[in-house]
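Peer 1: Residue numbers (this note's numbering), protein chains in the order written: chain A, 1 to 346; chain B, 1001 to 1337; chain C, 2001 to 2304.
There may be inaccurate statements among the hints.
To give an idea of the interface, some chain C residues facing chain B are shown, with a C-beta separation under 10 Å as derived from the structure [stated by the list, open to error]: (1) 2138; (2) 2237; (3) 2238; (4) 2244; (5) 2253; (6) 2257; (7) 2265; (8) 2279.
Keep in mind that the hints were calculated from the coordinates and are not lab data. Heads up, the beta-carbon is just placed ideally off N, CA and C, and yes, glycines get one too.
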Amino acid sequence: MRDPSRPASDLLLQVEDLKVRFHTLRGVVHALEGVTFHLRRQETLGLAGETGCGKSVTARSILRLIEPPGYISQGRIAFEGRDILKLSQAEVRALRGSQISMIMQEPKMALNPVIRVGRQVAETLLIHQPGLGRRAARAQAVEMLAQLGIASPGRMARRYPHELSGGMAQRVMIAMMLVTRPKLLIADEPTSALDVTIQAQIMELMKDLIREIRTSVLMITHDLGIMAESCDRVAVMYAGSVVEEGPVRAVLKNPRHPYTRGLLKTVPDNANPDQPLFSIKGNVPSLLRPQTHCRFAPRCEEAFDRCREEVPPMYSLGGEHQAACFLHHRAAPARPAGGVGAAEAG
Amino acid sequence: MGQYLIRRLLTLTITVAGIMVMTFFIALVVPLDPLASLAGPQAPPETVERLRALYGFDQPVHVQFGRYMGRLLQGDLGTSFQTGRPVLEDILSYFPATIELATTALIVAVLVGIPLGVLSAVYKNALIDHLSRVLSLVGVSMPVFWLGLVLLLVFYFKLGWLPEPGRLDVMLLEPPRVTGMLLVDALLAGDLEVFFDALRHMILPATVLGLWGMAGIARIVRSSMLDVLSQEYIKTARIKGLTERLVLTRHALRNALVPAVTIIGLTYGGLLEGSVLTETIFSWPGLGRYLAKAFLTLDLNAVVGGTMLVALLFSLVNLLVDLVYAFLNPKITLTEG
Amino acid sequence: MTLPPPGRSLDKEELRRHRRRARRQFLTDSLILWRRNPLMIIGSLIILGLVLVAVLAPFLATHDPFDQILADRLLPPTAGRWFGTDSLGRDIYSRVIYGARVTLAIAFLVAAISTPLGLIIGVVSGYIGGALDELLMRCSDIFLAFPKLILAIAFAAALGPGVENAIVAIAVANWPSYARLARAETLSVKNNDYIRVMRVLGAGRLRIMVGHVTPMCLSSIIVRMSLDMGTIILTAAGLGFLGLGAQPPTPEWGLMVSDGRDFLVDQWWVSTLPGFAILVVVMGFNLLGDGIRDILDPHQRQGR
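All chains should be built: construct the whole structure from the sequences, respecting the hints.
Peer 2: Laid out in structure tokens, this is it:
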């Protein structure tokens, strides 16, 4: 978690109006419709939303891993001021693994089955520090594994991925991606595939390591508990765009977008175990047509005419809390963070 | 790994025993009387009877089998009707030619097939992919005997670029026989003229035989590569910042080639098969042609001996393939048993 | 069409409608996949062409395929004789046309014999297990230890020349692969919850094997069979070429290629044209087989 006394103008990542499309059998899927958010140094931003809302696509876009039939049609992704989308292939490759890393949901699938894990961890180092030498890289890899709480890291390094449990494999992946001490770590549902007991362990290890390395984290998850525990700020996504953004306490305690409210209501209330479970009525909309109005409107209890005619902009609600909903049409439209002093104004 | 090997060898032994029984009984099932055709249509019945007694075909089946097994254990496979020599001797003399041809064909198939398959997968749907797939399709659909004839017609008869069917120019002497493989023996004897001539003679048959193999290998490499390239760990490799070339060679190929190895091994077996027809077309003095003739003339001893050997070879190749696969794929060896 | 609210079960009419809809969806998806796969369309057209040629042979041929006019031997392709004539003066074009019948007959008969045979043996072996399984699998192992072509040649040689024997020979060489495949599928579905439920309900082994296990194996068997057709035809042609399959004067393509071998240099058409027919037909079957595999393979159907 971020130290609140630090100045707020150290912007690491700025995603502006990101649009991504996929050409499929059934037509063009507008997966991302103008995603905008920012991330500061040593801050953890949660990217929340249900399956299919575009979280993973956003993550991949940042690393420029969108492949045909998908393409980034518009937008700007500024990392430390440079637009990633305008870099050459070689420059992007230099960033990947050394400045920006990503860990994924299924760790065992994400590891090469025929190469020993130690070597895979060391590989990241060797790619970006070729002068390091195999032995030194291996030593650092083993050390990293030890930091992640693996007993006998030397022996573990000689194992193959299929010999590892899910939790172990995830630790290996974390080691592999943090061994170069990147500035930004994208964590795409890192614990969803793990047992609940292991989840907490892994999250703890991750938090310690992140704090030590001083990495910023983009934590993609649909688990509100994880969000509350590990994120400083959160951006809620729905059907391809960010609908609400703000400090995690503020958003969770006082959600200002009907979708966020619905989402929070779906969490079972342990205090009232007999209450029927809540689900937001309706279905996720088809993304086959470009966005012309609020995508949540059909399912929204508080929708009115304007919601079905225009796309709501982000409204600033004070204290960095923003929501894209016409309910707040009287508030000032939010300005994207990135201009000098814009973040402080809030 | 050791356990796996032992178990496979055991299965192999049983299979081999079964092969022997089966081959023997196929031969006996023959309704036509090979001896009658051997003796000639004018031969009186007594001659045929005497021949029968001579070759022991007048005994009841189990006695024949027992005798055969007994002789087999002594390394005696009987005498060939067509050549008059012991079958074992025949086989040993023709065997190297086939191995030489099949190995060359396999090398060609692998050297062309793997790169084609990889390029096909990496540049999916580009021109190279389409061309390669068409070539593979044609290669797999081609009647081997027809292709041989067509290529002979074009390259030998009409264009004269490549030499006549056969292993070596009639005017040249074979080098002293060490392995029986002309290329090897020529090199050992330092006879470059023979070496190159033998090589030129091998071009057409190896290409014809190898085309089928190349097609199969390219297909499997392509499909395996496509499969591997869609895996998560490839994405991981890219996330780490590896160049595409390294992603391919260090991560993708290593996984993609594992099923390819199996196919390569099986291809070798298939090449043994294809050699029957190819050797016939190109008058190649190998086991395939020997077998074909043996089948046609119902030269029983040759049939039984030859078929058994081929089946044994085939089984051995399959076993080797399985072992190599198990070696390459850590999952199999460690989770076996 | 909307789904009924949860808590209410479907009545017979709705059930029927849903089932019909599902079936139609399957066919529509298959059709989409078929249309998106131009290669498969070409394959289908070739095979369709083959069937039509075989059926309409009498109308498409220009001459009697058995008619020997020695004065006209070894004529090159001309207006009257589209493919030329062979060494006995027979019209090659007409023989190729009628050869389609032979080819088709052999291919389908072999498939009709070996596929069900292999399927049954495989399912029984896999489901009943135990000593029977061991026995049947050792048997099929022994068959599989021989390269298929060689086994087919061996049986064909043993049984004697002739189309019928060739068919039996090839079928004998072919069934083990289907048996193995069926057995593998059976083993994997044997412990399905679905099958277990049937057992609990008291269904007999025969009923389960025939009514439930076999249908589950069908799609991979069909895929394998369509991929095999090409090989079967090549084997049959090979046997014909060696003289072990169809006998003269039957217009079998492999046999025709062999006939022309002596005249290869000056009368290339005698061998080349029938062989080309083999190539085209086998290519057609391979394309079709690939396409069928793409359609029936569950991975492909996700619509990616």
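Peer 1: Quick check: which numbered hints come out false for this structure?
Peer 2: none
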